[in-house]
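Visitor: These protein sequence lines map, in sequence, to chains A, B, C and D. Its first residue numbered 2, the first sequence is counted upward by one per residue in my numbering. Its first residue numbered 2, the second sequence is counted upward by one per residue in my numbering. Its first residue numbered 2, the third sequence is counted upward by one per residue in my numbering. Its first residue numbered 2, the fourth sequence is counted upward by one per residue in my numbering.
In case anyone wonders, no lab produced these hints; they're calculated from the structure. This structure is a prediction, so every number in the text was calculated from the model and none was measured. Hints may contain errors.
All copies of an identical chain are treated as equivalent in the list; a pair is satisfied when it fits inside any one copy or across any two copies.
When the alpha-carbon atoms are kept at most 25 Å apart in a straight line, the in silico DSS-like pairs for lysine-lysine are as follows [what the hints assert, rightly or not]:
#, residue 1, residue 2
1, K64, K151
2, K115, K131
3, K115, K151
4, K64, K130
5, K45, K130
6, K64, K136
7, K25, K130
8, K115, K64
9, K131, K45
10, K64, K131
Here is what each chain is made of, one letter per residue.
4 protein chains.
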Amino acid sequence: MGPGESATPEDNELAFAMGKGIAKNGWVLLSGGRSFGVMDAALKGAIDGNGLTVAILPWDDDKQSSEAAEIRIVTGMGSGRNIINALSSHILVVIGMAAGTASEVSHALKAGRKVILLNQDEITIRFFKKIGGYKVMVANSVDEALKMIKDYIVVHPVN
Amino acid sequence: MGPGESATPEDNELAFAMGKGIAKNGWVLLSGGRSFGVMDAALKGAIDGNGLTVAILPWDDDKQSSEAAEIRIVTGMGSGRNIINALSSHILVVIGMAAGTASEVSHALKAGRKVILLNQDEITIRFFKKIGGYKVMVANSVDEALKMIKDYIVVHPVN
Amino acid sequence: MGPGESATPEDNELAFAMGKGIAKNGWVLLSGGRSFGVMDAALKGAIDGNGLTVAILPWDDDKQSSEAAEIRIVTGMGSGRNIINALSSHILVVIGMAAGTASEVSHALKAGRKVILLNQDEITIRFFKKIGGYKVMVANSVDEALKMIKDYIVVHPVN
Amino acid sequence: MGPGESATPEDNELAFAMGKGIAKNGWVLLSGGRSFGVMDAALKGAIDGNGLTVAILPWDDDKQSSEAAEIRIVTGMGSGRNIINALSSHILVVIGMAAGTASEVSHALKAGRKVILLNQDEITIRFFKKIGGYKVMVANSVDEALKMIKDYIVVHPVN
Chain A
2 MGPGESATPE DNELAFAMGK GIAKNGWVLL SGGRSFGVMD AALKGAIDGN
52 GLTVAILPWD DDKQSSEAAE IRIVTGMGSG RNIINALSSH ILVVIGMAAG
102 TASEVSHALK AGRKVILLNQ DEITIRFFKK IGGYKVMVAN SVDEALKMIK
152 DYIVVHPVN
Chain B
2 MGPGESATPE DNELAFAMGK GIAKNGWVLL SGGRSFGVMD AALKGAIDGN
52 GLTVAILPWD DDKQSSEAAE IRIVTGMGSG RNIINALSSH ILVVIGMAAG
102 TASEVSHALK AGRKVILLNQ DEITIRFFKK IGGYKVMVAN SVDEALKMIK
152 DYIVVHPVN
Chain C
2 MGPGESATPE DNELAFAMGK GIAKNGWVLL SGGRSFGVMD AALKGAIDGN
52 GLTVAILPWD DDKQSSEAAE IRIVTGMGSG RNIINALSSH ILVVIGMAAG
102 TASEVSHALK AGRKVILLNQ DEITIRFFKK IGGYKVMVAN SVDEALKMIK
152 DYIVVHPVN
Chain D
2 MGPGESATPE DNELAFAMGK GIAKNGWVLL SGGRSFGVMD AALKGAIDGN
52 GLTVAILPWD DDKQSSEAAE IRIVTGMGSG RNIINALSSH ILVVIGMAAG
102 TASEVSHALK AGRKVILLNQ DEITIRFFKK IGGYKVMVAN SVDEALKMIK
152 DYIVVHPVN
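So here's chain A without its partners, still in its complex pose:
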């Protein structure tokens, strides 16, 4: 999860590497499916890693979807689909921050999902730790985030 228009080049690079790492581990990558920013970069990374990609789209068709989105869920709900992104993920990796991204993290924490904050500033980390407690983990690199997911899956196997 992460910003669209307001993603930085660094956010997008990290998202591509993260998506590729997720795919190479055999996991499915799910994102909001827009054609730019963190969503697009993560999907492209996963395709580059020969993974399966799922996009939860805000529009009522898939015409503006990222090309790297294979399974396209069309919600017609605008940002209302953000809660579906959160609920459908076993674990969220969050790169970059904007209002839409913050709604996804908040919905995830409300529903008891784990959240890995990657490359976030101090204020963001302190805020989400305050409302999410132990469910919020902080990673400083893609490798560290992948390691956290592996450790999580050992304890919480996905059937």
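Since chain A is already given, all that's left is putting chains B, C and D on it; use the hints.
Guide: Then chains B, C and D, alone, in the frame of chain A:
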């Protein structure tokens, strides 16, 4: 698409065969993902045909999902997820009829999606033809429904 | 509930009279809130009867709302808001028929709400009786529909 | 907007006073409608001030609604209804903070709504200022928040 609890044995047999046919053609099967009725039978048929299955779940987790659902989208929206089933499908095949199913067909027609009515009675066919016009097609067998999908895809290729 | 663009002049006249009757009985009128068709006519009738009106809007702001909508609920969900129309109503009165309207009736029946079909044709009545059973009532005039609501409220008082 | 179970006594006192102030100014109070915490207290305050109250409920009926909720919108969407709370408000006043509340503030900022943070700690203020900029205002008392709303309405009249 089709009923859960109220599905007849014939509905379930048709749904299994339809799901298998969809998979064998290389298409992705999407359903509401509950663990009984037409949704479950279609997913199991698709798995039997070595296909990929997607479920749009009504609950806020996937604990009650059909075991045959591979990609599980967790909406937390109850029957509010029915419109997502409709919007996310390139074409709907409808087996059996109940109130939830009728909402899916109605949403699909409102959004301009094609609907194939399989094994439906005269009242159902006449009602949906009345509100959906040419978007509603009637098939009398699984093979006929598969043929309709093939013809549709030739004209409307999925990217 | 009823069609927007495709409403007939007779649908709109009935909707205005129905909305006015609802208001004069002291009940709140809820509709989909668009600025034409049955939704708009019913809201205008309720205002004419000095009633309170509520609109469940499909857009992410209220700029295109019917002027007769007082309480404006902004969903941003498009036709996904139709289930909210159904769930939020103690009883639905349905005038005219189109795909969106059919989704509202279907959602209402799925959720166990009572539906009064007013001025509907034989196919529509038979279809919804088939999927909704005793929850579907048929009225031939606004007065008959108002009488049905009164009788319902005596047995199911609204707190 | 504000927490349910995790609201502090101070949050609830402020919410009651804020709800009453909103009502006395002739404005409609909208909340998430649960029967405890900030939602309930604000609704009760508004009733005490002879105002009109609207609740956007998460369940598929209104049985667990706050008694102080007059217009009850039944969404069946769980926390998915939080975006409707945000979109339907001309301005949000936020008392207390938890994951659900954070999703409402995030959705509001994403959609360009104004947010008044009342009685919030430094981390919360800094985080939302970071993602919301000038749309985020900070009030230190109910009177200050009411003054901000009045000033806003002068410039952005509600039709």
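Visitor: Classify it for me, K45 with K130: is the Cα-Cα distance of at most 25 Å met within a copy, between copies, both or neither?
Guide: neither (30 Å within a copy, 32 Å between copies)
Visitor: First find the shortest C-alpha distance between K25 and K130 inside one copy, then the shortest across copies, and answer within, between, both or neither for a cut-off of 25 Å.
Guide: The answer is neither: 29 Å in one copy and 38 Å across copies each exceed 25 Å.
Visitor: Up to 25 Å between alpha-carbons, please classify K64 paired with K131: within, between, both or neither.
Guide: Neither: 39 Å inside a chain and 29 Å across chains, both beyond 25 Å.
Visitor: Indicate which option fits the pair K115, K131 if close means a Cα-Cα distance not exceeding 25 Å: within, between, both or neither.
Guide: both (14 Å within a copy, 23 Å between copies)
Visitor: Within a copy, between copies, both or neither: which one fits K115 and K151 at a CA-CA cutoff of 25 Å?
Guide: Within one copy only: 13 Å inside, 41 Å across.
Visitor: Have a look at K115 and K64 and pick one of within, between, both or neither, based on CA distance no larger than 25 Å.
Guide: Intra 31 Å, inter 17 Å, cutoff 25 Å: inter-copy only.
Visitor: Between K64 and K130, at a C-alpha cutoff of 25 Å, which is it: within one copy, between copies, both, or neither?
Guide: Answer is neither: 37 Å inside a copy and 27 Å across each miss the 25 Å cutoff.
Visitor: At most 25 Å between CA atoms: does that hold for K131 and K45 within a copy, between copies, both, or neither?
Guide: neither (33 Å within a copy, 28 Å between copies)
Visitor: Between copies, within a copy, both or neither: which fits K64 and K151 at Cα up to 25 Å?
Guide: between (35 Å within a copy, 21 Å between copies)
Visitor: Can you tell me if K64 and K136 fall within 25 Å by alpha carbon in one copy, between copies, both or neither?
Guide: between (35 Å within a copy, 20 Å between copies)
Hint compliance for this structure: hints 4, 5, 7, 9, 10 are broken, all remaining hints hold.
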